[in-house]
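Following the hints, put chains C, X and S in place on chain F, whose structure we already have.
Residue numbers (this note's numbering), protein chains in the order written: chain F, 1 to 379; chain C, 1001 to 1379; chain X, 2001 to 2265; chain S, 3001 to 3265.
Please note that a few of the clues may not be correct.
Residues from chain X that face chain S, not an exhaustive set, calculated with beta carbons under 8 Å [as the list claims (entries may be wrong)]:
id, residue
1, 2108
2, 2202
3, 2215
4, 2216
5, 2219
6, 2220
7, 2229
8, 2233
9, 2237
10, 2240
11, 2241
Each pair of labels, with its calculated beta carbon distance range [as the list claims (entries may be wrong)]:
id, chain 1, residue 1, chain 2, residue 2, range
12, C, 1013, X, 2157, 30 to 38 Å
13, X, 2171, F, 15, 25 to 33 Å
14, X, 2015, C, 1126, 54 to 62 Å
15, X, 2123, S, 3039, 21 to 29 Å
16, X, 2079, F, 109, 38 to 46 Å
So the derived list for chain C, only partly shown, Cβ under 10 Å to chain S, looks like this [unchecked claim]:
id, residue
17, 1051
18, 1053
19, 1076
20, 1085
21, 1157
22, 1246
23, 1249
Worth flagging that the hints you see were computed from the coordinates, not collected in a lab.
Virtual Cβ for every residue (Gly too), placed ideally from N, Cα, C.
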Amino acid sequence: MASIELRQVSKIYPGSAAGVKDIDLSVADGEFVIFLGPSGCGKSTLLRSIAGLESITAGDILINGEIVNHVAPRDRNIAVVFQSYALYPHMNVWQNMAFGLRMRGSPAEEIDAKVKEAAELLGLTPLMQRRPSALSGGQRQRVALGRAIVRDPQAFLLDEPLSNLDAQLRAEMRLELVRLHRKLGRTTIHVTHDQVEAMTMGDRIFIMKDGRLIQQGPPLEVYANPADTFVAGFLASPPMNLVSGRLVEVGDGLAFRTDGAMLPIPAAFRAAYAAWAGKPVIFGLRSEDFHAAPNGDSSAPLTLQVEAVEALGPENILIGRLAGAPTQVSARLSRHYSAQPGESVTLYADLTPMHLFTPEDGKAIPRPRAAPALLRRHA
Amino acid sequence: MASIELRQVSKIYPGSAAGVKDIDLSVADGEFVIFLGPSGCGKSTLLRSIAGLESITAGDILINGEIVNHVAPRDRNIAVVFQSYALYPHMNVWQNMAFGLRMRGSPAEEIDAKVKEAAELLGLTPLMQRRPSALSGGQRQRVALGRAIVRDPQAFLLDEPLSNLDAQLRAEMRLELVRLHRKLGRTTIHVTHDQVEAMTMGDRIFIMKDGRLIQQGPPLEVYANPADTFVAGFLASPPMNLVSGRLVEVGDGLAFRTDGAMLPIPAAFRAAYAAWAGKPVIFGLRSEDFHAAPNGDSSAPLTLQVEAVEALGPENILIGRLAGAPTQVSARLSRHYSAQPGESVTLYADLTPMHLFTPEDGKAIPRPRAAPALLRRHA
Amino acid sequence: MRHFGLHAGLWLAVALILLPPLWVLRTSLVPESMAYSTDVFPAFSLENYQSLFGQKRFGTFYLNSIIVALGSVIIALPFAAAMGYAFARFQTGGRFGRFLVLSLQMLPPVALVLPAFAILRSMELTQSLTGLTIVYAALNIPFLAWILMGFFEGIPVDLEWAAMTDGTTAWGAFWRIVLPVSLPGLAAAGVLGFILSWNEFLFALVLTGSKTATIPVALASLQTSNGIQIGKVSAGVVLAILPLIIASRFIQRFIVQGLTFGSVK
Amino acid sequence: MRHFGLHAGLWLAVALILLPPLWVLRTSLVPESMAYSTDVFPAFSLENYQSLFGQKRFGTFYLNSIIVALGSVIIALPFAAAMGYAFARFQTGGRFGRFLVLSLQMLPPVALVLPAFAILRSMELTQSLTGLTIVYAALNIPFLAWILMGFFEGIPVDLEWAAMTDGTTAWGAFWRIVLPVSLPGLAAAGVLGFILSWNEFLFALVLTGSKTATIPVALASLQTSNGIQIGKVSAGVVLAILPLIIASRFIQRFIVQGLTFGSVK
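If we strip away everything but chain F, and leave its shape as in the complex, we get (with noise of 0.2 Å):
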């Protein structure tokens, strides 16, 4: 029910180097966007800012096309979920979950019957008589989740909902968020450290770091095509691979070279990096393109000398490096694949989706972008 957009807002807290800078975006109506970021890059006080919890410096906050800088957090009809939950240890779970309708003097029979009905979809109805200390973590993460949803808002602030719970609720709550957006069709912001909770329950990510807008877009085009060396660490674990090498001239086509190893860049590439040729690069690949045996054309082999293995059940995770290089390189395999530290192995990378980007200030080097991987489905 609201689009919301920001014009080169800015918050600046005196004296602080937290706070955030210059940022535009724009979030359509009904999206589910995440804000993405380690601590401190200033997406809590975006939220707060949207919610009206904190007055901003500059700019300006627009709902539904509306500048809502000074408008009260009551009236601009938007709920937040927050990362404490900050349910009201005064009141029972229905009485939690009540206190916004009854606040905008709705009708008592109004009141209980929305109340029950956001109960009963998040299944808390046996729960209405308890005191928020007297419920398990994920049950006080539903009541605060019902407390939103009871008020019927234009759109739903997500501040860390899931950081509280443990691993496997963390995993359950994922799918029942995302199940419930499509249900309600409410605008969402849910703000995030997690890169799982990026990739797989939004539209489209914002990354932010140190108070300012790195990247957006949807996830996997944003896994793909990593706009600097911040957001290829930052959206994977294993970050993505990150080797200083340089660019040079191999016959008529291009190759980077780095101690203990010469990768031909694809064809498709050439003439976008062409300009860089003979300069230095960081080059990029993600563990999971590394592979045991060739895969297509661009296929290069590698020698890896093996310095740890992380045996995860599902897949193994190879540390190592190339042959006398100082950077420590990790290749994702199957589990049928290992090694033991200290071996010497040869992988093969597969350069398709690689990436440079300049040593300088770590941003991409351009070049044709890759396609998401999602919808290529082959049986």
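Coordinates of chains C, X and S only, in the frame set by chain F:
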């Protein structure tokens, strides 16, 4: 330098359900073991009991074969790294690291040499004059580690030492802790609730729940042969798929029947499972054992009604139901395979690593053991 | 053997602490003439209490003390709460403001007695319970504000933010969320203020008359003219502590009942 | 316009709070004869201060107050620290024990004065600073223990555990870790105890003689016999507050400097 053995150890807190009951375990000299379990399972209590910080209610704790039940913590020569790091706030890094040696009355030159060595090892040399409050989370973690190393203790007890670090740092410290252990060769007990740490760091895992030891063994062996549904669910993300149904006789073989699917039991397990024919059982299969194409003899086709797709980047998780079944199932597939929510897709389940559990107590029904997948290397 | 010595020492310490109050209770319950007897309990008698409530008009003083102490707390709490909240949440006045609050606590009471007397006289409020109540309220405010400040700082600002997005004003969030959640703190502060007012002697002596005296003044009067009437003093002390013990037990249960925050852990 | 009204109101409130202490300062610095003048500052003079230190022997009383207040804190702090730590870490005596500590604070001081006088007389310590110091220390212990209890509870037990595995005894962990880390809390408690002792009037009046009087007693003596010598009283009040302000500012910096815990966040 120390073996650690627990014999029938119990710790009961009066008027509380917490504590540990009848724990028997032994850790060999130089071993790196993991205590894994959800919060409140008693793993930290056990750790503190071994360190002598909590008195035990019953049983014996042996270090190097000697009962130490009444030996003071300082005489056990064990170092503990706490989740909170517990750095002395009024001392700088040097003083924090030197404290243990000074308490033991080591000569000043020796203290200085050892602190310098440990600082060098952990990259703390430039920070020696800083107070803990002026350090980042990762640096504090290193100082806590350094303080433990300097004393050259018989064993290290680590109480969730990585849980306060962000994802990237946590991954780095995982490797570093393993490297340190290899270098120092000291017996190490690492307490965690993180299944990735459990799988990748230790020689053996001890899985705890509600104050009891549920299962122990090398990580991949436990992964391949979970003792019950709790371990099956806890040790992976997404957890092992568990589906209720019934074991039926089909021709001269057995099959697992549930709403929407009939899965043949591999011939190797028929004898083991024969006694359960006709009875209700829980069928367990990990999400990575679903494939987009048939994969060997024991592949069985299944129809999955897709409800959600989590595109993580390197891989896609399909979540859905077998036709008409109440339980959700998740399948881990390559990033090149995807589907839309609402679609029905055919997947192939590799049944070789399947498990059956009893519906009453969730215990695994014994069958010939699956070898861990690790060393089946094929290029 | 070592343990026996240790335990004997501990019991001795306990006895040293507990005996004096128990002896006061004992003395209040034996006749005045046997008060100094070395017998543990020579004879039971309520004569001290009867004398206090009859001849000594302790009933009136008791009522006066309750009115003054309760009244001063009721007046002081709202001001102290507003002040403490402002300091806690909005950092009003910054560090210097906080220091100013504490420094109000530093004024020597003896320097305030006569000015207070002068002011009350000009308002014709000396020898009145109203005047004493106002003075006690004024004395209580900075101290209670200081205590409540700490309490308010412990309430996560998230709770207020949640209320504000839920449709309240900032004032509504304070009134509907912060105050109810702070009830244990308000109760604790109230009890402390009550105790301070209940026990206060100097201002009570100067600002009250023979009919408006409070318990401490009445107790003092038992100890002066005709020597110390130790039995009655003991009875008076027991009476003076009684409501405090009752109030604290009640409050203690209230505090322990624990409105733990519904947020994480 | 609305904002102007608001600000005017706020400034008025600030003036109401700040004017009285400033007027005291002003009165202390003008000659006694002009004290009641309505002029803001008719003439500057240090005669009040000179008179206090000369004729009124305020130097001695000042020293007495410092000795007594400082001494009582120095005696009380170790006991209070041990007591507070025992309550905080070992739950000694449980809830009832804590209640007992608080209840010690409830005894009306006026009921304790004469017993204290009797005890001190039997030890020949009346009219002596030693006696008053001991009494103040005893009065301070439960209060300081209560405050320190809260502070010790805020120190993570992990720190002590770390020290104990690092090679100290439990006592060593308290001495080498808990105490240094608690310095800000000890300092704050010490200042509070100092203020209470510094300002105490009732016990000082009964237990001291003309040579061993403390500042509050001396201040009171200025307000009685020959009417109120308002200039000297003002100067006395300024002198009485001065060390408290100095101590607090010093302590405040110490507290703010913040030995924040080296653990998480």
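Comparing the hints with the structure gives:
Evaluation of the residue 2108 of chain X hint against chain S yields a held restraint, the C-beta minimum of about 4 Å falling below 8 Å. Checking residue 2202 of chain X against chain S: minimum C-beta separation of about 6 Å stays under 8 Å; hint holds. The criterion of a C-beta within 8 Å of any C-beta in chain S is met by residue 2215 of chain X, whose closest approach is roughly 7 Å, and the hint holds. Hint status for residue 2216 of chain X relative to chain S: holds, with the closest Cβ pair at about 4 Å, below 8 Å.
At about 5 Å, the closest approach between the beta carbon of residue 2219 of chain X and any beta carbon in chain S falls short of 8 Å, and the interface hint on this residue holds. The interface hint given for residue 2220 of chain X is met, as the beta carbon of that residue sits about 5 Å from the closest beta carbon of chain S, less than 8 Å. For residue 2229 of chain X, the interface hint is violated, since its Cβ never comes within 8 Å of a Cβ in chain S; the closest pair sits about 11 Å apart. About 7 Å separates the beta-carbon of residue 2233 of chain X from the nearest beta-carbon of chain S, less than 8 Å, and the hint is met.
The criterion of a C-beta within 8 Å of any C-beta in chain S is met by residue 2237 of chain X, whose closest approach is roughly 4 Å, and the hint holds. Because the beta carbon of residue 2240 of chain X sits about 5 Å from the nearest beta carbon in chain S, less than 8 Å, this interface hint is met. At a threshold of 8 Å, the smallest CB-CB gap from residue 2241 of chain X to chain S is about 6 Å, leaving the interface hint in force. Between residue 1013 of chain C and residue 2157 of chain X the CB atoms are about 34 Å apart, so this pair conforms to the stated range of 30 to 38 Å.
With their beta carbons about 29 Å apart, residue 2171 of chain X and residue 15 of chain F fall inside the hinted range of 25 to 33 Å. At about 59 Å, the CB distance of residue 2015 of chain X to residue 1126 of chain C agrees with the hint of 54 to 62 Å. For residue 2123 of chain X and residue 3039 of chain S, the Cβ-Cβ distance of about 26 Å falls inside the hinted range of 21 to 29 Å, so the restraint holds. Between residue 2079 of chain X and residue 109 of chain F the C-beta distance comes to about 41 Å, which sits within the given range of 38 to 46 Å.
With its C-beta approaching chain S no nearer than about 6 Å, residue 1051 of chain C sits inside the 10 Å limit, and its interface hint holds. Checking residue 1053 of chain C against chain S: minimum C-beta separation of about 5 Å stays under 10 Å; hint holds. The criterion of a C-beta within 10 Å of any C-beta in chain S is met by residue 1076 of chain C, whose closest approach is roughly 8 Å, and the hint holds. Interface hint status for residue 1085 of chain C: upheld, as the beta-carbon distance to the closest one in chain S is roughly 5 Å, under 10 Å.
Satisfaction of the interface hint for residue 1157 of chain C is found here, the shortest Cβ-Cβ separation to chain S being roughly 8 Å, below the 10 Å cut-off. Because the closest C-beta pair between residue 1246 of chain C and chain S is about 50 Å apart, greater than 10 Å, the hint is violated. Look at residue 1249 of chain C: its Cβ only gets to about 57 Å from chain S, farther than 10 Å, so that hint breaks.
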